[in-house]
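Could you put together the complete structure from these sequences and hints?
Protein chains in written order, with the working numbering: chain Y, 1 to 354; chain A, 1001 to 1354.
The set of hints was computed from the structure by calculation and includes no laboratory data.
Bear in mind that the values here come from a model prediction, so they are computed numbers and not experimental data.
Note that beta-carbon positions come from the ideal geometry of N, C-alpha and C, so glycine has one too.
Treat the hints with care, as some may be off.
Said to hold, decoys possible - Computed beta-carbon distance windows for the label pairs:
hint	chain 1	residue 1	chain 2	residue 2	range
1	Y	Gly203	A	Lys1259	56 to 62 Å
2	A	Asp1027	Y	Ala230	38 to 44 Å
3	A	Ala1319	Y	Pro257	45 to 51 Å
4	A	Leu1341	Y	Gly203	44 to 50 Å
5	A	Gly1258	Y	Pro313	36 to 42 Å
6	A	Pro1199	Y	Ala230	17 to 23 Å
What the hints assert, rightly or not - Looking from chain A toward chain Y, a few residues come up when the C-beta cut is under 8 Å (computed):
hint	residue
7	Val1020
8	Leu1022
9	Phe1304
2 protein chains.
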Amino acid sequence: MPDHRFRPEALTLLGTRVFVALGAPEDIARAVAGSLVDANLTGHDSHGVLRIPQYAERIREGKVRPAARPRLVEGRQAIGTVSGEWGFGQLAGRLALDEAVRRAREFGVGAVGVVRCNHLGRMGEYMERAADQGCVGFVWVGGLGRRAAVPHGGSRPTLGTNPIAVGFPVEGEHPVVVDFATTAVAAGKIMVARAAHRPLPPGCIVDREGRPTTSVEDYYAGGALLPAGAHKGFGLSVAAELLGQALTGADAIDDAPGKEPVHNHSGALFIALDPGVMRPAEETRRQARRIVDRIREVPPAAGFDRVRTPGQPEVESRAARAAAGIELPDDAWRAIKECALGVGLRDEDLPAAR
Amino acid sequence: MPDHRFRPEALTLLGTRVFVALGAPEDIARAVAGSLVDANLTGHDSHGVLRIPQYAERIREGKVRPAARPRLVEGRQAIGTVSGEWGFGQLAGRLALDEAVRRAREFGVGAVGVVRCNHLGRMGEYMERAADQGCVGFVWVGGLGRRAAVPHGGSRPTLGTNPIAVGFPVEGEHPVVVDFATTAVAAGKIMVARAAHRPLPPGCIVDREGRPTTSVEDYYAGGALLPAGAHKGFGLSVAAELLGQALTGADAIDDAPGKEPVHNHSGALFIALDPGVMRPAEETRRQARRIVDRIREVPPAAGFDRVRTPGQPEVESRAARAAAGIELPDDAWRAIKECALGVGLRDEDLPAAR
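Structure representation (structure tokens):
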């Protein structure tokens, strides 16, 4: 099997060129490609460069407008709403998070809804962005077009993977970042398993008849995802559906471009909170540090080398992969290469494996 | 086995009398007893009247001040902090939720921390209270004194049960209420299992060596709780620890009364959000109704009679138990009776079983 291991900058450049070739301005193309590569760096390949061909297809189908820039459509006091204008979700998410942070600085807490946003990418990135600006962050995503998950006790899918995330700044190190799909696995993890020709662990998916299975192909043949932790993940998923869609008004949006739009009624709620109002921010961060230190001091259980706090695996992966390079499965690399050549890039534009 | 089934009002009256006998003003005693009985009505016996002897013991130990009333200690724009003044947590929680709602009405979103609060009771009750006032609600509880849960990958407990909850108003019916411990089971559920002499399902607890077990007695002999859904429940628990304790400053509180105070460094964060800013509130509630209706239409999986949305089991239980009465296990009723007689109530003050 050939070695498909690349320097992160080389993949970012490739992604940028693909999106530019498809009509994105340079700055937008670079921002989106950078987010995808950072997802690979943090270990979340499901949200990484394997999305390049998917995004390219959506641009060609007219569903994603590569040159569109998001805008704040309305705001009142500590609340705002951002329209992604059917451009790349990464831009809409950043604007929404930044607007929530701006409101948190003025009022102590701010909440911003996002609509017309397409795929938002890795939620943890926004939570890091909130913490980098000194704020606590929350995000809930709902109304995802593809009904992928069964409700607890149900046999047919009616919910998306509805991810949620929380970020919290910590003194002297990376923030705590909790970021997960409310299903037992994210849809993107199934794409990764399929690309690697691996089965899934039990308790993740059901087949088209609603019966438990571990076969990825059963999932693609009309199967569905199970909620994480039975009624608990289901409850969070319903909350995300309500907060991301009903609260923001994403369900009432009817101007999605392209045929059979995928994310036409999806939306997200970003909340930012100033950690320096109830007590000085440095005391908040200091106590956060004591909490993560205390948790990491716990002796590991059988099968673990040590206890990691949420966000720590991503930071460790980022350091390791920045040094060693990002490795892509054969199928994923072939799809990216074909996509790049298909939009007019030449063989010499493709990065050399390292 | 004798029948210990009581009318809800009779148990509320009994609880009120016990707390009054221990020094609570009538209105406070009734509010707290009412919350406990409502927890039984909703099916959450772990947060119900079996807490009466526990609360009574904490009052006698000086840890709970039965006559204390909570106060808003500081507020700035959309943020506030409530001190429970070491009184009953139910009063502190209500004030904090109401203050968050007041801020949501003014700014669109409001966040209020709570410290010095003792046991807050059932979180779902606050979420119903937010929805009754037309708002979306969130709560995160952290810093609970008793280290009960192991971190994901760890062998020793260092986190509390750290519950979280979300409430969302729905047109024409009860709100969606998501309310759970971030551990696989709540500590209170173990109290219920012990009272009923039942084992727990696998995946809930470990023994004192960190090994999986289903025996309640292993838990009480130095065991611990597992997080719900492995790293997902663990992530939520860490977030709750940070939000409930580090953000509110609960860790810095050092004036807890009584010896070996149990909840001295615990705190909670309540957030309320006005669902009528991004779109008209009636449209938000109408779409929420469509979402819950859509979920309930899903055909049930094997082993389920139908799909229920979060908050629905509680509403159905409340109707059933209001009619049929609240049944208590023998141990629980005996402890309550002894407690009542111990504070000076007479046999004729005890409710007759129905």
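Hint check:
no.	hint	result
1	Gly203(Y) / Lys1259(A): 56 to 62 Å	violated, 45 Å
2	Asp1027(A) / Ala230(Y): 38 to 44 Å	holds, 39 Å
3	Ala1319(A) / Pro257(Y): 45 to 51 Å	holds, 47 Å
4	Leu1341(A) / Gly203(Y): 44 to 50 Å	holds, 49 Å
5	Gly1258(A) / Pro313(Y): 36 to 42 Å	holds, 41 Å
6	Pro1199(A) / Ala230(Y): 17 to 23 Å	holds, 18 Å
7	Val1020	violated, 34 Å
8	Leu1022	violated, 32 Å
9	Phe1304	holds, 4 Å
In the structure shown, a violation is registered for the earlier hints numbered 1, 7, 8, in ascending order.
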